Amino acid sequence: MHPALSIIVFSTLSGLGYGLAFMLGLGVLDPAASATKVAHLTALALISGGLISSTLHLGNPQRAWRALSQWRSSWLSREGVLAVFAFVPLVWSALACWVWDDYHPVPGLLGALLSAGTVYCTAMIYASLRSVDAWHTRLTPAVFLLFAVSGGAMLATLFAHAGGGDARIPGLLAAVALIAAWTVKLSWWKRLRLLVPTSSPESATGLGYIGKVSLFERPHVNENYLTREMGYQIARKHADKLRRIALIFGAAVPAIILALMLLVVPEAGLGSSLAAAFAALCFAAGVFVERWLFFAEARHAVMNYYGG
Amino acid sequence: MTSLPTLPTPKKLGLVIDLDVCVGCHACVISCKEWNTGGYGNSLSDQDPYGPDVSGTFLNRIHSFEVIPEGGKLVGEAGDARIVHFPKSCLHCEDAPCVTVCPTGASYKRSADGIVLVEEDKCIGCGLCAWACPYGAREMDVAAGVMKKCTLCVDRIYNETLEEVDRVPSCVRTCPSNARHFGDLADSASDVSIMVAERGGMDLMPEQATRPVNKYLPPRPRQPLAECAPATTRDAGGASGFFAWLDGVLERM
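From first to last, the protein sequence lines are chains R and Y.
For the record, in the first sequence the residue sitting at position 49 is 49 according to this note's numbering, with numbers rising by one throughout.
For the record, in the second sequence the residue sitting at position 108 is 1108 according to this note's numbering, with numbers rising by one throughout.
Read the hints as simulated data drawn from the structure, not as lab findings.
Any given hint could turn out to be false.
Unchecked claim - Partial list, derived from the structure: chain Y residues whose beta carbon lies under 10 Å from chain R: (1) L1019; (2) V1021; (3) P1052; (4) H1085; (5) T1100; (6) C1102; (7) R1110; (8) A1112; (9) I1124; (10) W1131; (11) D1166; (12) D1203.
All of these numbers come straight from a predicted model, not from anything done at the bench.
Where is the CB? At the ideal position from N, CA and C, for every residue including glycine.
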């Protein structure tokens, strides 16, 4: 599948944003601290930036509001609806923090729930597609949710070190979620490696009863929408390298920094904030590469008609 | 409304494509593009039409496959291997995954005749329906930013201003080898249903659980090359009279 930059940016940013909103909704940071106020704004900015980015790949973005109508059948529509609903408690929580220096559990927990729900819907857009074997598994929503929690907890750790409160709880949450996320992701990758495709050129053409089917001639000499959108090949060539890059930046570096900070417990201040920020940035870069592979490595059933 | 019709549609209009007789001439591709670029919805645009990287939107494309039975290595070598030309357009599935994923309600399946259509004024061009379709039946028109697909020539088949013989999809009307047939596959007495029953019409990718309406008729079994009488022989042993004398003279020269 073609890794559209706007969608990868969307899922990386909104994952981080909803993860941070989830942590803030649980009330792990001190609402009186100015770092927590910035954290609320950061969460909203990441979510909004992601959503705006997601509309960039649309052919007719001016009609995007129509996507809120088909929540009965479409996971994309459900995602849109939940994203809009989630803004209500998230903005309420941010206002409570900014205006009254207070944490309100009702909008907080509701916001956490809707944040998780939105990420789940995003993942289900992909997991529900039978035509893409790599995505069509329950592991896909698990990966998206755990990466969102990891990123959110890591950002919460950063804001805690910057004066937002006790950094041990978000730090511990981040470490646990990070291990869980990469454990599930590794089994997602293993499943992909061992995958027997649901469909084959034989089943796609119905000609398997004669013998082995292979493409003799494409419909047209040049590329078309389908081969550009579904037939992306570049990543498969470098998949192993990219996987290592994702593991180093997304797993190893943040894990080492988190472990050091949990064991050594540094004074909250500029140094520890910078270290936490570095961990969060590396994690975001790792997730970006992981998301890129998520698209680029996935093979679409239509390629059975295009010899790919 | 992107939920599928709850009851089976009373009519299941669709195509039956005969892989035994398709000659791969691409006439249906051209006639489809010609009719549909001026018909239902936005035109079917081309990008860089006179340049080196020409590409465009098509609702019907012909692929060609080689099928090699066990034991063969190359087409022609084993004698039994064959080339099959393979027209592909929307199959108007009963469980169309492209319809249910649509977030806007632009994609829908008609409850009266089962045709799957896109209401282009509602389409945001997200491309998710093209991802959901395992057959590659949907293509985004890059110029209009909306999804295009086979309409089964809905603007021909019910069009009473056309001669009755023309009230079939453009591809069916134009096919010079009669490889494409149009009809109601819910009616077991229709020509297409009888054809499907007699020839063992098949679904493409049944494992994708889409329940396509369009059916493909498999190529008929072919006589293996080895069983054919040899066309020429270099042995003149059976000749007599003048030809035996000529054979002998030429042999001695």
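Going through the hints against the structure:
Against a cut-off of 10 Å between C-beta atoms, the interface hint on Y:L1019 holds, since the closest Cβ of chain R lies about 8 Å away. Interface restraint check for Y:V1021: the shortest CB-CB distance to chain R comes to about 15 Å, outside 10 Å, so the restraint is violated. Residue-level restraint check for Y:P1052 holds (minimum Cβ-Cβ distance to chain R is 8 Å; threshold 10 Å). A cut of 10 Å between beta carbons decides the hint on Y:H1085: the least distance to chain R is about 9 Å, and the hint holds.
The closest approach between the C-beta of Y:T1100 and any C-beta of chain R is roughly 4 Å, which is under the 10 Å cut-off, so the hint is satisfied. Annotation: interface hint on Y:C1102 holds; nearest CB of chain R at approximately 6 Å, less than 10 Å. For the restraint placing Y:R1110 at the interface with chain R, the shortest Cβ-Cβ distance is roughly 16 Å, beyond the 10 Å limit, so the hint is violated. Because the smallest distance between the Cβ of Y:A1112 and any Cβ of chain R comes to about 20 Å, over 10 Å, the interface hint for this residue is violated.
Contact between Y:I1124 and chain R, as hinted, is supported at the beta carbon level, the nearest pair being about 5 Å apart and thus within 10 Å. Because the beta carbon of Y:W1131 sits about 6 Å from the nearest beta carbon in chain R, less than 10 Å, this interface hint is met. Below 10 Å, beta-carbon pairs count as interface contacts, and Y:D1166 has none with chain R, the closest being about 26 Å; its hint is therefore violated. Checking Y:D1203 against chain R by beta carbon gives a least distance of about 7 Å; that is within 10 Å, so the hint holds.
Going through the hint list in order, the structure does not satisfy hints 2, 7, 8 and 11.
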